[in-house]
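From these two lone chains plus the hints, build me the complex, please.
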Amino acid sequence: MEAPTITPVSSSPLDSLPAQYGYQLFAGLIVLALALIAYGFISKKSPASRQRIITGGAALLFLMVAVFFQTKVDTQRGFIADQEKRFDAMIKKVEQEKGKEAALKMQYMYMPSAEALKVMTLNNKSLAADYVWLTTLQYVSNSFRRGEKFEMLIHFYQTMVDLDPHWIDAEINGGKVLSALIDEREKSEKECYKYAIDANQDNINNLWKLYYEGGLLYVMPPNDPRKLAEFSRKSAEYFDAAMQCPGFPKNMEGVVRDRVGRLKLEAREPGATGSSFYREAEEMMASNATASDTPGPLQEISRRDWLKAHSMALAAALTDACAAYKKRTGAFPPNLEPIVKSFEHPDAFATDAYGFPFDYDAATGTATSHGAKAVHAVQAGHVINNLCEFFHAANGRLPKDLVELRDFVRNSNESLLHPPSVMVIEAIGDAQSIAADTSAGRADAQKHLDPTVGPLGPWKYDATKGEVVFPPECDIKALYGHVADFDWKPTSITRKQ
Amino acid sequence: MIIFTIALNTFREAVRDKILYVLLAFGGLLIVGSKAIGYVSFGQEYKIMADMGLAAIWMFSGMVSIFVGTGLIYKEIDKRTIYTILSKPAQRWQFLLGKYLGLALTTLVNMLVLSTAFLAYLWLSGGLVTVALLEALLMIFFEMLVVTAIAIFFSSASTPILSAIFTTIIFFFGQLTKWIVDLAGTLQASAATDEARERYRVIGGWLYKVYLLLPNLHTFNIRQEAVHAEPGVWIGAHELWYGTLWGLAYTAAVLLAAQLIFSRRNF
Chain A
0 MEAPTITPVS SSPLDSLPAQ YGYQLFAGLI VLALALIAYG FISKKSPASR
50 QRIITGGAAL LFLMVAVFFQ TKVDTQRGFI ADQEKRFDAM IKKVEQEKGK
100 EAALKMQYMY MPSAEALKVM TLNNKSLAAD YVWLTTLQYV SNSFRRGEKF
150 EMLIHFYQTM VDLDPHWIDA EINGGKVLSA LIDEREKSEK ECYKYAIDAN
200 QDNINNLWKL YYEGGLLYVM PPNDPRKLAE FSRKSAEYFD AAMQCPGFPK
250 NMEGVVRDRV GRLKLEAREP GATGSSFYRE AEEMMASNAT ASDTPGPLQE
300 ISRRDWLKAH SMALAAALTD ACAAYKKRTG AFPPNLEPIV KSFEHPDAFA
350 TDAYGFPFDY DAATGTATSH GAKAVHAVQA GHVINNLCEF FHAANGRLPK
400 DLVELRDFVR NSNESLLHPP SVMVIEAIGD AQSIAADTSA GRADAQKHLD
450 PTVGPLGPWK YDATKGEVVF PPECDIKALY GHVADFDWKP TSITRKQ
Chain B
0 MIIFTIALNT FREAVRDKIL YVLLAFGGLL IVGSKAIGYV SFGQEYKIMA
50 DMGLAAIWMF SGMVSIFVGT GLIYKEIDKR TIYTILSKPA QRWQFLLGKY
100 LGLALTTLVN MLVLSTAFLA YLWLSGGLVT VALLEALLMI FFEMLVVTAI
150 AIFFSSASTP ILSAIFTTII FFFGQLTKWI VDLAGTLQAS AATDEARERY
200 RVIGGWLYKV YLLLPNLHTF NIRQEAVHAE PGVWIGAHEL WYGTLWGLAY
250 TAAVLLAAQL IFSRRNF
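Residue numbers (numbering that gives the first Met the number 0), protein chains in the order written: chain A, 0 to 496; chain B, 0 to 266.
Here chain B stands alone, though its shape is the one from the complex (with noise of 0.2 angstroms):
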């Protein structure tokens, strides 16, 4: 109950903050304008109103999830109210749990607002709406849970300035973490003697374990085919499946690491 107590009173207070409108507007605009984009595309409209509108949700999403979720724990501390709760019977991590719930569900509003104004444009301008679409914005739900993590976790170790700007790298990052892998591979076989390709090979093998326990936000990243989905077809249900659980497990270690920090934080 207490969790849920604090999740409501995280989401009441981030709706209240005019960053997370701000930023509903602009991704509003970037969807309305993408019309625009696509008049000129001589006959891929649709297409580029798909793009431009999954690219819109995924990036002011993310934003919301840093901008509002690095301040989340450093406000309570700043203003001292984090003792209130705490003195009440809250653990730590049920303050933890609930701000991440908190502010999940600010995420989750967040997206059924955009995501709702831009299917009902893509429908009304002729477009199709899929069940890939909609598989597509089910998966940038899961990858902003994950931010939202990791937003978290360095609200509970950092400042704001400082948590916005590792997360904010970290979700830029995660997009690109396979390169690291491909990295390995290109080196292996651009290597000239069998002793440089060994030398790689073992280089990869620790590339690969790294790129194993790093964020891996592409995971989730299934809108190229989304757009291309013909009606009523499903977009790869078990990797789709196996990408969600990998997410809640990494939010779930995630959040288990912010608590450890905050448990031992003296403020």
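Just chain A, same shape as in the assembly (with noise of 0.2 angstroms):
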């Protein structure tokens, strides 16, 4: 008997057997065979016992024939891998013929609609639904690529959702991977997360995982830093929905609650302004930092937080007061004080809650808090400290100043620079100045790094050490000095009328 030739795409349990054990078994089971009809033949025990065992011994022989002409069958159609191969072909002659959109077509027909499948699994809708998800896992796990992954998988998961909505498991997990395969996280929340929310209205006990996981796929941040303020609004917004849905278990609001809090601090845009927005913040911290059933490490990180969400409130308050001053006089105010004055409590915004005066830019009339700035600075510090290892590492010594680090992070081909991660974009990046496509955006960030110029200033850098020196206000225990005897009041930042 001749083997079958088997050229595998994907791997078979049967690639790890050896194949002469195959032919021994085979041989053996024949062997076997002839042995129990010849035993029939030559024995002496009764005609219906003899006439069973040549019976038994025939079948066998006439299965291990089929086996053999199975091989035989295999040989010639190659099997699984090729009529595979055989597949992709066709799909590949129909897509040069008709077009990539007539090829897809052709492969949707491989899925049934959900009406349909309703009909051939006469009405078991939650089996058709288990269908459709072990055929999608086929297509996801599967080691060939057909057509665009993601168009065809959308297909396959929504039907899923239509035949069984409340199969909550499986559409967070398929969200998960059909988020994985496109970078457009819009595309997979429309597609995935809404069209599944939409159909588990009436599944109020466990709606909320879905809102949840839609905070979570905007939880990361994406690759265009300018998305950033809009990812986490995005994310904050979904898990403030999550939160309000009946079913969210109690044991997770603390957590979440300060999950968003954060979120929607980072939710700021460049430039943008509005106290009400760090007014939320800065409630759910308080409320974390004060709730008895908030562990203890995150009291801690809330009290901290609060310093940052409150310091900005008030900031952006004395912003917008500018804003509006200008909109009466014509120009921006010269310095805080009538701003400040016109606030009913005047004395809320004699400092920052890190216990500095807010800093003022009277050409655009922005307020800022010193102290945030502070905090800013020492993350941004110590990246740089950080790249200085860099260079030294690439250059065996370190940079002699920060023009020379400037120019070693702006061409340097570093995976953390190259293109640059967001957490250095942050540090010494320039948001403003990226271009609005995405890989091509952070390639372009990189030739905007400058640590040369801190959230406090232009740094001073001790060569000799290869360290940037942190000015006076950077010291962290007495920026949150402030925490150990957190006792947060709600304050009044109402405007005069």
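Rather than coming from a laboratory, the hints here were simulated on the basis of the structure.
There could be a bad hint or two in this list.
Simulated pairs of lysine to any residue, SDA-like, Cα-Cα distance not exceeding 20 angstroms [unchecked claim]:
1. A/Lys117 with B/Phe172
2. B/Lys208 with B/Trp178
3. B/Lys34 with A/Leu133
What follows is the structure, encoded as structure tokens:
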């Protein structure tokens, strides 16, 4: 018997079985069959027993003959792998003759519509959904590529949702896999999560899971840093919606509320103002920091974040007031004094939460929290110090000044810098000058990295140590010193009429 | 007493039928095999096991009702044993009811075996045995009572092959009858003119009347809800009771129709 030629595309358990064992087994069974037939003829048992033995032997022999011919068929038809190759070739041919759309539609034919599946399974919709799910897994896990995976899989996903909308686990897992297949999260949000959410409006106990997953979809920073604020806002909205659903677990409220607060902090657009946004964030942080069921470490983190949120809320309120002042008088105020006096509680604006007076740019009418900038400077400074180590590892010496470091980071091919990670861009990048496209945008962002200037102005650099010199206000212990005696009370930031 | 005697005898005869054990074996195989499919389901093992288990019990219980039930009366006529029974003080309706109850008992035992195997396997595999799953199994049994009555109806009028074909068609079609009502709505919505819309509305009315007379077996299908139900949560008790009462009423109507045919039959 000739061994079939197998060229597997995907792995099969049979691949690990040595071929000779198959031959030995085959030969052994044929010998057994012949032996049974012979024994049936020569045995001295009763005729009925002999007939049974001969019949059994003959059945086994015919089965082995069938196996023999099966392997012949597989040799000629090339087994499953070659079948798939032929299918791929056919799809390519259709694509060349009729276009990509036609080829994709041809493959869609392998997945009947939800209505057709309901009929085929005699109204066992749950079973039909299981079939669709298993078929989807085959497409995802198969090594060959046919057409555009996301476009085809989304059809499967939505069919599954149509058949069994309350199958939340599969919808969540499917959504995760699909969102990993494309860069555009907005597309997977619309086609997966929103689709499933719309279908589950009556599933009051589990709907929160879909909103929660929608929040997780946007929690990861985007490739294009200009979208960070938008992603954070969307993520916060989804988490908010999840918390408002009836079935949301009580033990998750603290953590999620904290996360929403942080996301709202991140959701500031470059140059955007609006204190209500930060007020919500600081209220959430304060709630987490004082709630008795919040774990100790989380309370500590929430208090620190509250300092930033409160400072930014006050700064945003001042900036809003400056804009209103300009609208009234035609110019921004020369300093913050007339602005502060316009609030019902001017003493609330004496300093930010870190104890620093607010910084004010009269040219743009923007107030910023010196303390928040100091915290940012601490983070940025550590990133710059790490980059100095990168420079040292690449060149065998420390950079002589930050200009040399700047040239290095702008031209380096290190994975952290080419393209630069979101952390590096936030520390020493200029988000305003980044191009619109995702991967090209981040590559362009590298050209605009500038470690010479920090949130508090130009850095001082110690060439002997290869470190930046932190300004006195960047003392972390002092910055977070207020945390120990945290006693947040709501402060009115309403302007006088 | 006669009814129960006939029922018990029918049960004893049915359990000797080899087709019952073949169906039980295949049902068990499908339940056990569902775990293998569950392995490749990326974390959805228990859901798929529950789906396949319930579907297997539904399908094989239906096949028991059909294949055993459609031959019941015909066998008695063919073997001429019916003369012996009816020559005793046993009315035809008692004979029919006894046969029905015997087959219902056979279906119950068959379902108990499969259900026990299914629930035990699910529990041993780490899945949850919820109240809703038990409700789904109960509704499958009520559905089989209706199917059994239909099988008896055809069996009293026709040969086993034709009875099996008709009962199978009704068993399948009964899952899809609500599409008749949906069809009317679809036609009405897609009508281009007011006249067409009005015509489809009238047709829809008649289709709805036809729908009410058909065996709407989908009424008993709560398998999808059962699979997703939380532990300790009952599924819509009110709706299930109405469905059950419908099933009992429909069964009575079918059996009475069977009696009408059987009472006039000469053999």
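Quick rundown of the hints versus the structure:
Between the alpha carbons of A/Lys117 and B/Phe172 the distance comes to roughly 12 angstroms, so the proposed pair stays at or under 20 angstroms and holds. A distance of roughly 13 angstroms separates the Cα atoms of B/Lys208 and B/Trp178; the hinted pair therefore holds under the 20 angstroms criterion. Of the pairs offered as hints, the one joining B/Lys34 and A/Leu133 holds, with about 13 angstroms between alpha carbons and a cut-off of 20 angstroms not exceeded.
Checked against the numbered hints given earlier, this structure breaks none of them.
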